[in-house]
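Asker: Chains S and Y supply the protein sequences, listed in that same order.
The first sequence maps to residues 119 to 435 in my numbering.
The second sequence maps to residues 124 to 421 in my numbering.
Heads up, some of the hints might be wrong.
As the list claims (entries may be wrong) - Stretch-level coverage of chain S by chain Y, calculated; a stretch enters the list once three of its residues show a Cβ under 8 Å from a Cβ in chain Y:
no.: 1; region: 130-139
no.: 2; region: 146-153
no.: 3; region: 234-246
no.: 4; region: 308-316
no.: 5; region: 362-373
no.: 6; region: 393-404
Hints are computed from structural coordinates only; laboratory data are not their basis.
Ideal placement from N, C-alpha and C gives every residue a C-beta, glycine not left out.
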Amino acid sequence: MGRSRVHLWFIGPAVILMAGLLIFPVFVAAFLSFTDYNLGNPSFNWIGVENYDRLVSRSTYKKMFTASLTYVLLVVPISVALGLGAALLISSLRIGGELYKAVFFLPVMATLLAMAIVWEFALHPIVGVVNDILRSGCDVGLLHALLSGSWLGSDPLQSWYGHACAEDFPLWLGDKRYALGTIAFIGIWQGFGFNMVLYLAGLTSVPRELYQAAHMDGADSAWERFRLVTWPMLGPTNVFVVTISSIRSFQVFDTVEALTRGGPAKSTYVMVYAMFEKGVKQNLLGIGSAITIVFLGFVLILTLIQVYFVNRRVHYA
Amino acid sequence: MMVRTNWLGEFLKHSVLLAGAIVVLLPFYLMLSYSLKSPAEIESNTGGFVGSQEIMTDRRCIKAGKPAEECDMRPIVYNYTAAFSEAPLVRYMLNGVFVTVSIFIIQVLVALPCAYALSKLKFWGRDVVFGLVIFCLLIPVHAIALPLYIMLAKVGLTNTYAALIIPWTISVFGIFLMRQFFMTVPDDLIDAARMDGMSEFAIVWRVMLPTAIPALLAFGIFSVVAHWNDYYWPRVVITGNRDLMTPPLGLRMFKSDLDGNEYGPMMAATTVIVLPLVIIFLLAQRRFIEGITMTGMK
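Model the full structure from these sequences, guided by the hints.
Answerer: Right, dumping it as structure tokens:
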């Protein structure tokens, strides 16, 4: 039978490429993480766990873990909440839903690096429109009173807005207190539309009859319907959206490299950027590989959490 | 169910969504607007969306020793000509097209036969190969970038088109997607083709490929969007050789070359790079959203 061997031709290229380009590199990284290898050197030394030791002891890497975790903890909850909120609003609209959907999805499609550069201009402390808009609110008495809290009788200088009006508005990307938050804002801006679309898909799978049943049981308010029907039925979607967002935000690189290069004062020194800086720019492949392995560990844990929850989920349909 | 429309509620929902839409669209608006206006208008935030389009003088043109009348132009003309003359934008775009198209074609050439074998042929070790595919799905791209870079550097391939393409030739996700799709294709179709005397190769390319068009289209959108927009990998393997740069990387170089206040040309270049995908997206919205979410797990 001529057919008996033909499968080798079909799976061969894929298997060879998987082994060579996906699995072998993981072993290479694991191996090099115990060495002081760099490109251009013919040989290398075994240095045991020294690289990993540095990761846990040096303050640079503490800042790296802090930056990555803070970024994830900022972006994931907010972009998931905004995605869910947008999906709920859009699905309950009579008209115009498709339009909002397209608009909110636009940043997912657009080249992130390019849009990051536009945001950088918008956030420029002096000529940028963001501070321009914020500043213009200072001169409008009512707006100033509202935003600074002075309409409640408190001292306007005590509030963030009142204080910024008196001094000046932040440098955003140039200020270590704001830089990571600003990068996270761009991440949220870019990613929440993706979550929205996943939630919209999840919402269409909620059986209509359940809402009718809830209605008969006296759940009339929108909140009751959400709490009793929508939210429980979105369980699997929630797990998927949260883990996907976490994995995606762990991989943040473009905005950091183009706008802050990890600074100021290492406040935006996230893991993938550190990997790039140490491994590629400074040719310190040992420590770069160690960061790679830790990063891989984080992502695998997130994926396993997802698999665990997805397998455990209750099937309603 | 109740049919009474709650007009107040409807109005509030639109207000919230509209406010969100304004924030989402702000950078796109700025990008277009800045690409049209003169430097002075950009710095002072005046001139509305298109600016006054007053004739301005191109300083670089004067410096190059050209006659003054040739150097007077409208800001929109200045911005876009500067974008194309200061940076090899056309080259970047062609590189982008070449790299994304090559990646997609090779991915299909590798994934389609494999997916066919995994779904329709019975052979020893099939489950092992499928297990391998699932396992590889877990490996994040960013985690193997550094070792891949080292491997490519060792064989002297950094700063080549090959470096931009080779790591993406295998898409385990593509194999998975196609395999799931082929599982739904009836065996009768393949048996009939075999009865007609078609070889297995002919079955893959002349029977399976045409049936897989919808899945391929979704995968194609995902693949092209991902690689057109990718900045990380080109940044790692292309160092300095401008002839090989893809649009995002070229834009990044353009940005670091400028002395800071050339916002107009910079935004014109950004517009040129962002617009193609945005236009295609607006034309085929539904397919894009489906394609990208269906492949969301990557």
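Asker: For this structure, which hints from the list above don't hold up?
Answerer: none
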